[in-house]
Amino acid sequence: MTLRARADVAPSPLQGLLQTVPKWLLAGVPLALLQPLLGHIATHVARSRPELFARLGAHSDKLFLIDPIDLPFVLLLRPNARRPQLTASRRVPRPRHDAAIAGTFVDLLGMMDGSLDGDALFFSRDLRVSGDTEAVVVLRNALDDLEGNALDSIVAAFGPLSAPLKLVISSLRGMRTEKRDE
Amino acid sequence: MNDNRYVRPELVCPAGTPAALRTAVDAGADAVYCGLQNATNARNFPGLNFAPAELETAIGYAHARHAKVLLAVNTFPRAGEFALWREAVDLGARLGADALIVADLGVADYAAQTYPELRLHLSVQAGASSPEAIRFYCQKFGVKRVVLPRILTVAEIADVHRQIPCEIEAFVFGNIGMMAEGRCSLTNYVCGLSTNMDGVCSPAADVHYEEDAERNLTTKLGPYVIDRFTAEESAGYPTICKGRYLCDARTEAYYAFEEPVTLNLSALLPDLMRAGVTALKIEGRQRSRAYVKAVVSAFRNAVDDIMAGRDASLASLIALTEGHRETEGAYRSKAWR
Chain A
1 MTLRARADVA PSPLQGLLQT VPKWLLAGVP LALLQPLLGH IATHVARSRP ELFARLGAHS
61 DKLFLIDPID LPFVLLLRPN ARRPQLTASR RVPRPRHDAA IAGTFVDLLG MMDGSLDGDA
121 LFFSRDLRVS GDTEAVVVLR NALDDLEGNA LDSIVAAFGP LSAPLKLVIS SLRGMRTEKR
181 DE
Chain B
183 MNDNRYVRPE LVCPAGTPAA LRTAVDAGAD AVYCGLQNAT NARNFPGLNF APAELETAIG
243 YAHARHAKVL LAVNTFPRAG EFALWREAVD LGARLGADAL IVADLGVADY AAQTYPELRL
303 HLSVQAGASS PEAIRFYCQK FGVKRVVLPR ILTVAEIADV HRQIPCEIEA FVFGNIGMMA
363 EGRCSLTNYV CGLSTNMDGV CSPAADVHYE EDAERNLTTK LGPYVIDRFT AEESAGYPTI
423 CKGRYLCDAR TEAYYAFEEP VTLNLSALLP DLMRAGVTAL KIEGRQRSRA YVKAVVSAFR
483 NAVDDIMAGR DASLASLIAL TEGHRETEGA YRSKAWR
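Those protein sequences? They're chains A and B, same order as listed. Just so you know, we're using the working numbering here: the first sequence kicks off at 1 and counts up by one. Just so you know, we're using the working numbering here: the second sequence kicks off at 183 and counts up by one.
Calculated directly from the structure, the hints in this document are not laboratory data. Each hint should be verified, as a subset may be incorrect.
[Stated by the list, open to error] Which residues of chain A face chain B? A few of them, derived with a C-beta cut under 7 Å, are: (1) P30; (2) A32; (3) G39; (4) H40; (5) F53; (6) R55; (7) V92; (8) S115; (9) R128; (10) V129; (11) V138; (12) D144; (13) G148.
[As the list claims (entries may be wrong)] Far from chain B by the CB rule (all over 10 Å, computed), these chain A residues: (14) L38; (15) G57; (16) D61; (17) V137; (18) R140.
Cβ coordinates follow ideal geometry from the N, Cα and C atoms, glycine included.
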């Protein structure tokens with residue numbers, strides 16, 4: 001297995017399609033339609049994974065702007081155990097936040113499922129961090145320590161839809177593995 | 183290549199979280215080193231490290247799989263604050279840590295006097311690089327292993343090995359900072375916190391990143407600009423020792439201390455093993471499970487290849503390296519830097 005820097009690898013046509021389609025599909029979706037789903041995800045993770053919040057400490061009240069740069073919206077996360085908040089917002093105007101993390105959707109997924117290293121993504125300039133750096137570091141460490149991974153917890157929030165969602169994510173994971181092994 | 187002089191080395195791997203510890207053990211670590219969530223260890227980073235209950239569970243997980251857990255209590259207590267370090271030593275002993283990694287004379291003495299059966303390793307933070315210094319720790323505190331500073335060539339390590347009564351652990355992969363381990367005060371100078379006493383190098387609370395519209399990245403520590411990377415450049419850690427600086431004597435910004443580069447001694451593994459190194463250490467308690475899995479697996483395979491008489495085939499780890507650059511540092515030649 002050879003690990004390669006992301007910047008060295010051009011996406012295949014299939015990868016390009018999979019990376020573009022979500023953006024195209026989601027471009028016209030009113031964000032109001034996403035809010036109940038995001039709220040459900042936040043509540044589910046807070047209820048099912050309380051250990052996440054022990055590592056966050058005082059940073060659980062911080063507002064994180066998570067920017068999947070290839071999607072037409074950003075996410076705002078306040079990882080408070082009692083009142084978790086996850087909402088979508090348009091990129092412009094930039095919503096108020098304490099710390100921001102930006103990267104492609106696939107790279108952010110990779111960090112959440114423990115298959116990509118955040119420091120390596122930062123070194124390669126695929127991950128951008130701004131604002132409260134300590135809050136970002138704490139969130140990264142807390143997510144990385146979750147038994148299984150944070151992504152599986154989110155997928156479980158989809159109930160009967162979690163199976164097809166897992167298939168899509170497996171495809172994305174497969175794409176990343178293929179990319180690394182090239 | 184089949185050399186009977188090889189003694190199977192212990193692969194010592196980093197764990198910043200319980201999940202990383204399990205990952206390291208599952209990937210083939212012989213031993214995992216970790217620290218508590220306070221200033222008693224040299225990676226006292228936010229959101230990292232082990233609560234006492236987590237450490238107890240982690241030790242159980244490792245022991246059930248025949249792996250050791252080494253507890254780093256390797257910072258230097260401030261005057262009047264020894265109790266925290268004493269509690270860390272007591273906890274490590276009570277929970278069955280296989281060894282404590284210590285640097286401070288007082289901590290070493292307390293552990294040796296109170297728990298004479300508990301194995302002590304001398305941390306790289308002690309900066310003991312001469313046979314005379316190492317023998318002192320062995321004689322006074324019964325130290326069983328020294329983690330050598332990253333300032334010796336392989337030939338010098340072999341020379342030290344012949345003159346000391348304990349095992350040698352050497353770093354083989356990871357971050358390589360100032361070659362003055364245990365004595366670096368650069369962070370203290372800028373932030374008021376000590377790497378050696380508080381366990382924090384470049385505290386994240388003082389680190390700020392600013393990227394402009396052209397994707398030029400400015401890294402600041404406190405009020406000081408540490409580096410500025412163009413859009414095409416790989417970035418490094420926000421530590422003073424890896425920064426580029428302007429001065430009147432130079433026309434361009436230059437690396438005054440070190441460069442953003444990662445130590446990788448995979449090509450020197452057989453030489454290190456012949457030189458008497460019995461434990462190979464991977465740096466990176468601040469890194470993710472993904473890093474731990476990739477690096478530990480790669481070195482596990484490499485060591486197993488060497489022990490089986492095969493040429494070691496180590497996967498490229500360049501994607502995980504700082505600045506996307508690797509070095510053999512001083513291990514091959516003192517000419518480095």
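Enumerated hints in conflict with the structure, sorted upward: Hint check: 1, 2, 3, 4, 5, 7, 13, 15, 17, 18 fail, others pass.
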